[in-house]
Each structure stands twice: as structure tokens, then as C-alpha cells.
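There are 2 protein chains.
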Amino acid sequence: MTPDEFRAAGHELIDWIADYRERLAERRVGPDVAPGEIRAMLPAHPPSSVVEFGDVLADVDEIVLRGTTNWLHPSFFAYFPSNASYASVLGDLLTAGLNVNGMSWVTSPAATEMETLMLDWMGELLDLPPRFASGGDGGGVIQGSASEATLVAILSARWRSTHGAVNADGDTSRLVAYLTAQTHSSIPKGLRVAGIGEDRQRIVDHDEAFAMRPEAFADAVTADLAAGLVPCFVCSTHGTTSSMAFDPTPELAATCARNGIWLHVDAAMSGIGALAPELRWVNAGLEHADSYCTNAHKWMGVNFDCDLYWTVDRAALLGALSILPEYLRSSAAASGAAIDYRDWQIPLGRRFRALKLWFALRLDGVDDTISMVRDHVGWTQWLADEARRDERFEVVAPHPLNMVCLRLHAGDSATDALIEAANATGEALFTRTVLDGRTALRFSIGTATTTRHHVDAAWRLLQQLAT
Amino acid sequence: MTPDEFRAAGHELIDWIADYRERLAERRVGPDVAPGEIRAMLPAHPPSSVVEFGDVLADVDEIVLRGTTNWLHPSFFAYFPSNASYASVLGDLLTAGLNVNGMSWVTSPAATEMETLMLDWMGELLDLPPRFASGGDGGGVIQGSASEATLVAILSARWRSTHGAVNADGDTSRLVAYLTAQTHSSIPKGLRVAGIGEDRQRIVDHDEAFAMRPEAFADAVTADLAAGLVPCFVCSTHGTTSSMAFDPTPELAATCARNGIWLHVDAAMSGIGALAPELRWVNAGLEHADSYCTNAHKWMGVNFDCDLYWTVDRAALLGALSILPEYLRSSAAASGAAIDYRDWQIPLGRRFRALKLWFALRLDGVDDTISMVRDHVGWTQWLADEARRDERFEVVAPHPLNMVCLRLHAGDSATDALIEAANATGEALFTRTVLDGRTALRFSIGTATTTRHHVDAAWRLLQQLAT
Numbered sequence: 001m002t003p004d005e006f007r008a009a010g011h012e013l014i015d016w017i018a019d020y021r022e023r024l025a026e027r028r029v030g031p032d033v034a035p036g037e038i039r040a041m042l043p044a045h046p047p048s049s050v051v052e053f054g055d056v057l058a059d060v061d062e063i064v065l066r067g068t069t070n071w072l073h074p075s076f077f078a079y080f081p082s083n084a085s086y087a088s089v090l091g092d093l094l095t096a097g098l099n100v101n102g103m104s105w106v107t108s109p110a111a112t113e114m115e116t117l118m119l120d121w122m123g124e125l126l127d128l129p130p131r132f133a134s135g136g137d138g139g140g141v142i143q144g145s146a147s148e149a150t151l152v153a154i155l156s157a158r159w160r161s162t163h164g165a166v167n168a169d170g171d172t173s174r175l176v177a178y179l180t181a182q183t184h185s186s187i188p189k190g191l192r193v194a195g196i197g198e199d200r201q202r203i204v205d206h207d208e209a210f211a212m213r214p215e216a217f218a219d220a221v222t223a224d225l226a227a228g229l230v231p232c233f234v235c236s237t238h239g240t241t242s243s244m245a246f247d248p249t250p251e252l253a254a255t256c257a258r259n260g261i262w263l264h265v266d267a268a269m270s271g272i273g274a275l276a277p278e279l280r281w282v283n284a285g286l287e288h289a290d291s292y293c294t295n296a297h298k299w300m301g302v303n304f305d306c307d308l309y310w311t312v313d314r315a316a317l318l319g320a321l322s323i324l325p326e327y328l329r330s331s332a333a334a335s336g337a338a339i340d341y342r343d344w345q346i347p348l349g350r351r352f353r354a355l356k357l358w359f360a361l362r363l364d365g366v367d368d369t370i371s372m373v374r375d376h377v378g379w380t381q382w383l384a385d386e387a388r389r390d391e392r393f394e395v396v397a398p399h400p401l402n403m404v405c406l407r408l409h410a411g412d413s414a415t416d417a418l419i420e421a422a423n424a425t426g427e428a429l430f431t432r433t434v435l436d437g438r439t440a441l442r443f444s445i446g447t448a449t450t451t452r453h454h455v456d457a458a459w460r461l462l463q464q465l466a467t
Numbered sequence: 001m002t003p004d005e006f007r008a009a010g011h012e013l014i015d016w017i018a019d020y021r022e023r024l025a026e027r028r029v030g031p032d033v034a035p036g037e038i039r040a041m042l043p044a045h046p047p048s049s050v051v052e053f054g055d056v057l058a059d060v061d062e063i064v065l066r067g068t069t070n071w072l073h074p075s076f077f078a079y080f081p082s083n084a085s086y087a088s089v090l091g092d093l094l095t096a097g098l099n100v101n102g103m104s105w106v107t108s109p110a111a112t113e114m115e116t117l118m119l120d121w122m123g124e125l126l127d128l129p130p131r132f133a134s135g136g137d138g139g140g141v142i143q144g145s146a147s148e149a150t151l152v153a154i155l156s157a158r159w160r161s162t163h164g165a166v167n168a169d170g171d172t173s174r175l176v177a178y179l180t181a182q183t184h185s186s187i188p189k190g191l192r193v194a195g196i197g198e199d200r201q202r203i204v205d206h207d208e209a210f211a212m213r214p215e216a217f218a219d220a221v222t223a224d225l226a227a228g229l230v231p232c233f234v235c236s237t238h239g240t241t242s243s244m245a246f247d248p249t250p251e252l253a254a255t256c257a258r259n260g261i262w263l264h265v266d267a268a269m270s271g272i273g274a275l276a277p278e279l280r281w282v283n284a285g286l287e288h289a290d291s292y293c294t295n296a297h298k299w300m301g302v303n304f305d306c307d308l309y310w311t312v313d314r315a316a317l318l319g320a321l322s323i324l325p326e327y328l329r330s331s332a333a334a335s336g337a338a339i340d341y342r343d344w345q346i347p348l349g350r351r352f353r354a355l356k357l358w359f360a361l362r363l364d365g366v367d368d369t370i371s372m373v374r375d376h377v378g379w380t381q382w383l384a385d386e387a388r389r390d391e392r393f394e395v396v397a398p399h400p401l402n403m404v405c406l407r408l409h410a411g412d413s414a415t416d417a418l419i420e421a422a423n424a425t426g427e428a429l430f431t432r433t434v435l436d437g438r439t440a441l442r443f444s445i446g447t448a449t450t451t452r453h454h455v456d457a458a459w460r461l462l463q464q465l466a467t
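Top line first, the protein sequences correspond to chains W and E. Residue numbering for the first sequence follows this note's numbering, starting at 1 and increasing by one per position. Residue numbering for the second sequence follows this note's numbering, starting at 1 and increasing by one per position.
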């Protein structure tokens, strides 16, 4: 493809994206395809000759979109929001266009320095404790996903527990981690990766609001210490995936401080709520946390992938992840004047991802995001009231933010059938979960283009199908 | 940003990218900035009002580019190639524009099915053994980087060694891994992440060509078995980072087969060479490998990130990485009819990365890449001959592909000074490494826009500065 062909095709694709988004409400939310159907529409073998850009775009329309779940659809109430503002898409396009590798400061200084600054900016906008800022012993970094942030936190915890006074013999086989049945699946996965198997993962009791019981956590730690084990890591979730429950970080922190336990706070979805001053309660207890993450690529609308991860203990992070072969040495890093972000993450290579955050903050700012967040929270409360007024429905869990879990009094199979029927219409999309053994429908309001009308229509759809 | 503003700004940015690339040769390769200089040019605090797109683009020109290492520059001979074809940039733009999450089949069927197909296509184009194809017990997936591919391979190996007859008690504390001093830093890092510490990482001797000695590997395994340990994993590198050495996979394979050792082949940079039939020797021994990776985002020019990872043992992969919470269940996956790629990687979320590979293969094909590969290999041989003819220089290692390591007879400090002086000119960029204790200059020829003229000019620059 020549530069001029790129210009023409690029303009066409930019327009295609705008068209797709402007007309998205006319499409089904979820696709209606069976496994294998999309693959069967594509050639089994690689092409032997090249085609025009228009041919590829036609296949996008006819094949790709046929098998696409439209996460940006205004009636997408499933999983979690996956917003991608136009500004962030342009930032990401520049990332691809430059294609520099930001693994070390020296491999593209602007990529590193803008990223450090963007994390400081975000810390300020979210009103995070100053100890997460880059000036001191802490700092922030963009991870691909909250799963990767979690794994980095676990590895930092493992390093600290095996390189300090707590467990001076460096033995990892006695490390114990704490979570609840509501903690995101990435935490047990990360623990497993780090060699902390299920036999050393304590599922701490949760209360009726699905939040960790702090006294149960303290008791579990006491029991493990008595057994000669080393309590190492706890994940306190601010906004669980299943029901948006908030673990009591301030109460967990005392137990952590007493026992040298790494306190990681996972606010992947909810943390962005702190852009709105009246929602800063989502940050409760962060002044005690060793690490924290929230995803700019969910509610905030910086396109995937853009997880924001902060730690207050850079030494543990580097202890866990730093490797320095000859071909990666640089005088800038050796002097301590520069950050090498490859030592802050699992992979070596890294995209210049700060650009999309910078584009979003400069071209859009956060005022519209704050208004959107307020709308979503308000509509969620309205929806919960509506559900309480409909005697067939039950509100299963607290709904302090933008998600409410519902079920039918008629039972699990009725709730399951309702979710399936609603999704099959293509008019809305929901996800199912199980809370304390019973099926629930998660109604997550987080898409940037969703209006009150879409929420209302989705609720009517559920009411109609519940009959 | 409104749709119409996006259209206008998008067209402008597409043109900016084409302009940047067309005039890239006029710029310095590496930037001339000190740590902190770029950050200081940006506002310390987040903006309180939004700006026009033109203002952002002006800052890209004046601030971002000032601190950018131009990896796409025709005189970039550092690290490894980071090509990003126009076609792949467009595919990546579509990924950002759709912003669907391909974590599970059901979350966007086309994302999964196109990815499986693209890996099958690539297996065919690279002439990989059919056992890596998706039809049987194996299959391919896009990982973000070779580091992530390696970690997935290590975790698969760990799972197999602790869930089979080899080590039926599930004990991970006796697992041993094998590498050489030339193996990429991501392998010790991945082993460390997986809890296989340095005390169980055997640095096997290499020969004068910097390749693993197969008899030394066999001896190390025998010694570990005698000590009651469990040999678990070996990384055979096809094209090491420091000197492009090839470990003898066919010879290592017998020891692996006898002892149930996972054989991972890392061809991150070199593997793409197999697009050219006469270079298929880079695949030697793959018929014995348990897993294999090469990066489409290096020599091939699909923009970062696009590592191609294949395994022949899907069961070990899923055993190592599968986690199934209620909110991720789907009937399609439960029936076994669909792949859920979240179980093939560390993170949960994932971009629809197959699009950029599909765009590249359909819009550009591979014929131009094959010609480019042949040119780069040819110029490297020419360059090595030139260096041999210049009595000041020494060719340090075999150079079967597109990189040659040079040093000055005058000694390490002279070689170091040469690299620094060359890089300071901004006319070319090289990376330093150390081979068997002595400094070497890596001259890596891999950028798509490099011509014979640029190689020649860079060599003259070195000759001139060596004086």
C-alpha cells in the first residue's frame, strides 16, 4: 500500500467508523451466529493475490459485523462498559502510525515521560492520595488490563514477603493470599500464575452485601500465622464484577499493616466514578493501599487497552520484575534519572499508550464523563425503584453505582430464561451471574451513548418478557 | 468530539501519518533529549479546558517528536525491526473504532474465529508442522508480545509437569528449566514470575557460535534427575537477540522427549524469515516443539502488538490458565464448539487484533515481505564481508540472517565509543551488546524502508568514526 493509497483508504475508514457509530442503534446488540459460522464465510487458505481496500471494507460489513457483539451499542448492558471516545481512537491511531516501542526510556523518551505525567494527571483528577504520585516512592503505569495490574501487584507482594523481615528465608511455599467468592477471576488466576495455589488462597466470608467481612479476614490471618504460614496479599475490590460490592478497605487495612500484608485495591470498573466529587467515596481507604488500579478503558472511554495502575512501593515492583540484559542497558536508566517501564510490567515491548489518554484529556476533558457518570448512577437508582415496584422482580444486592442485579421471584430457571429471551431479541444485551447460589441478571449502565430512553426500553423489554 | 469533528480530525491525522513517514529520512533516528526534558515541556496539571485538534497535532510535532526514537526510520539498525505497514495500521484503526472485547467467543464471535483462521493461515505461509493447526490438539493465538507467549509456554509446562506421571504429587518446588546465557531476558523473567527461581534455572553452556550445546543440556538434565529434581522446560531460541544464534532444536528434542520436558521454540525475530522458502531452515526441529512463537510485529510489519503463538498441547494450556466464573459462562464454550481465548493468555480482556493481520495479508500479501527479507539477508552478508575487509573491525558471530555483530580490535572501550558516537550523530541508530564478556555493536537490518543506500551510509559512518 502506497502513501497515497493509505491516505485514501484511511479517510474512507475514518468515515466508515463514524457511520458505524452513528447508525449503531439500528443494529442488533449481540450477533445471531453459531460457532464456526463466521470462519466458514472466510477463505480457508491465505490469499494468493491482493485485493482493493473497498473489497476488505465490504467484507467487514458483510462478515465481520455479522459476528460482532456491538459493545458500543446504546442498549449494551452486559459485562462492563467498553467506551472508546473518538479522541482516544485518534490517539490510538497515532500510536499505530508511529509504532515506537516504549519498553525503556531510551527507546522513546516521550512515550515514558508522557505516560508518567498522564498517570499523575489522572491521580489528580481522581483525587488519589499523593503517595501514588511519581515524585516519591510510588508512581503509575499503563497496564494492558486489570488482570495484568493484579498480577504485577501479586508479584510485588510475593517479592516483599520473601525479601524482608517477615519471611527472611525467601520461601514462597508458605505465602497465603486472601480474597472473597466475589473477587474477580483474574485474582485467583494471577495467584495461580505466581505459584500461590488454591490451597493457599483463602476465600474469606462476605456479608449480605457481598463485601468481605473484616473480622473474618483478621481471623483467617491469625489462623494462618498460627499454622506457620506467611500472609502475603489481599485483594480489596471496590465494585465487584458480579454485584458492584465494595470491600471495606479501611477496616482491612489495619490487619494488613499489622502483618505486612500487601493491600491491593481493584476498582477496575468503579474507580473512574471518582472523577465526580460526590462519588469520591469509591476511593475510601486508598491512603492505606500498596497498589491500586482502575480502567480508563471502561467507563471513562479511553479505548482498550488502558488500565491505570499505581503503587506506593516502587522498590518491590522493581525487585519483582526488573531484569537487565546487556542489550537493554542505558546510561539514562543506570543513573536513576529515567523510568524503564519494561520493569513495571510482564511483557518487554509496549505501545505508546499514553497518547490516547492525552488526546482524550485534551480534546474532550472530563466534564462530559462526569455528567455521564451522574446520569448512569441516577438511572440505575430509578431502575432499581422500578424493579421494586414490579412484584415479579427482586433487587438482589446494593446498587450504589451504575449496576443493579435483578432476579425473578419465579426462580432461577425463570431468570435464566428471561436473560436468554431478552438477549435473543437483539434489542438489548445482559449478562448472567450467580449470587449466593442463585441466578441474577446484571443490568450494567455504562455505555457513553446510552440515554434514559434506552434504559427505559430495556426495562420494558424485561417486563414484557417476564410475563 | 462530534462525529463530524472526528471525520475532519481523522482525515488530518491520516495525512499527518503519511507525511511523517514520507519525510522520516530527513529526521534524526534517535532523539537528542535528556531525562525529564519532554515532561517539562508539558503542563504539570491536567487541562481545565479543551483544545482544538490542530493544537494537539502541533504539540505532537513540537514535543512528542522531539522525544521520539523513530523506529520506522530507514537508518534504524538498533534492537529489532518494528515495522508497521499502512495496511496493518488501518486494521488496527478498525480495532480501535469497533472496540469490541474478544475475551470469549460469545463476546464477539468474529474476533475469535478470524484469529483462529489467521493463525492457521500464518502456519501455512510459514510452513509450520500441521500439528500446530487448530483442527487437532493444537492451535494458535495472538499474544501481546513474545514475553507473554513465553510465560504461557512456561505455565503450560509447569502444569504438565505437575499433573502427569512425571511428578504426580503436584510439587512445583522441584521443577527445573534450561536456557543459555544468550536466551532472551523474557525467559528468566517468565520463569521468575512462574515461581521457578534462579536456583532452578540452568544456564547451559553454549558453543563458539553462541548456540546451546546439546550434550551439555543432556548432562544437566541427567544431573538434575539424579538430584531428585524434575526437568520441566527448555527454551530453544531460533535467532538470539544478542547475536542471532540458533539453538539446535533437533538435537535438544531427543532429550526433551525422553524426559517429558516442554520444548518451547522462541523465534520472535527470525521466524518470519520462513516466508521465504529458501530460509525455511529457521523452522528446523519445530516438528518436535510443544510451543512456538514468532512476532508478526517485527520483521513482517504488522504493527505492535501481534505475537503469533502456537501450541500442540491445548489441554496443558487450558489446564494452566482456564478460570470459569459464572459471569463468563456461555453455552457455546460449554459445548466445546467455541474457543475462549481468555483461557489462552494472562489477561482477561483482549483487542480484536486479528483484523490487522487480515488487513495486511489481504491488502499487501507477503510477496513484498519476502523480497524485503531477501534484501536484508543479502545486505547483511555484504556488510559482514566489508567488515572483514576493514582490518580495524572484527565480525564476532555467525550472521545467517539479517544481523551482524561487530567490534573493534582496539578493544571494548573503542567499540563502546564508536556506538555512542554513531548514535549521537542522529544519522543511524545501533544497539550495544556483550558477547562472552566483550562489547559488540549489533547491526540489525530489518526496517521495511531501509535501502541498500542506507546500509552503505551507516557502514561508512562507522568506518569514518572508527578512525
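Simulated from the structure, these hints should not be mistaken for laboratory data. Any given hint might turn out to be false.
If you only want the chain W side, here are some residues facing chain E, beta carbon under 7 angstroms, derived [claimed, not checked]:
| id | residue |
| --- | --- |
| 1 | Phe6 |
| 2 | Ala9 |
| 3 | Thr69 |
| 4 | Arg351 |
Even for Gly, the Cβ is constructed at its ideal location relative to N, Cα and C.
Cut-off 7 angstroms, beta-carbon criterion: hint that W:Phe6 touches chain E: Check passed: Cβ of W:Phe6 comes within 4 angstroms of chain E, closer than 7 angstroms.
Chain E contact restraint for W:Arg351 - C-beta distance below 7 angstroms: 6 angstroms, holds
Minimum beta-carbon distance criterion (7 angstroms), W:Ala9 to chain E: Interface hint status for W:Ala9: holds (6 angstroms vs cutoff 7 angstroms).
Cut-off 7 angstroms, beta-carbon criterion: hint that W:Thr69 touches chain E: 4 angstroms, holds
Of the hints listed earlier, there is not a single one the structure fails to meet.
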